[in-house]
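In UniProt numbering, the protein residues as written are 1 to 142.
Bear in mind the hints are in silico, worked out from the structure with no lab data behind them.
All clues stand as given, with none of them false.
Below are the DSSO-like pairs computed for lysine-lysine, each with C-alpha atoms no more than 30 Å apart in a straight line:
{"id": "1", "residue 1": "K20", "residue 2": "K48"}
{"id": "2", "residue 1": "K64", "residue 2": "K20"}
{"id": "3", "residue 1": "K48", "residue 2": "K83"}
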Amino acid sequence: MLIAAPGAENTRVANSTGLKTDWRGYTVVPYATSYRENRIALDAASLKRNVDLENAVVNVVPTKGALVLAEFNAHAGARVLMKTSKQGIPLRFGAIATLDGIQTNSGIIDDDGSLYMSGLPAQGAITVRWGEAPDQICHISY
1 MLIAAPGAEN TRVANSTGLK TDWRGYTVVP YATSYRENRI ALDAASLKRN
51 VDLENAVVNV VPTKGALVLA EFNAHAGARV LMKTSKQGIP LRFGAIATLD
101 GIQTNSGIID DDGSLYMSGL PAQGAITVRW GEAPDQICHI SY
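I would like the entire structure built from these sequences, with the hints used as guidance.
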């Protein structure tokens, strides 16, 4: 099995003793059970402080002799917990926030207007939507 976790370099593979990703976030698991679900997990405790994983566990089912890909999505950058509001009123619970330019990096507004996101660059913009109308959108620059 080939583990691909770009951005998660030198991260331990949780269910394999002594195995970790290289400087690019890749490694090969030298064994797999054919035609059965194989669980691959990365050890989140061994990640760098500025890296989060979207998925820490991937299940793959290889065929005999096949090299299968276990792909992990890592976000490197700042972790941010912010209070959001529009004209002094907390943004709506369940609104979806996305990092402009990177649609795969998103978060959800909680019941008091708080938003947690990881993998943010030093500066940028976040768009929050809770409907399709023009007044149901908020742009946050940071």
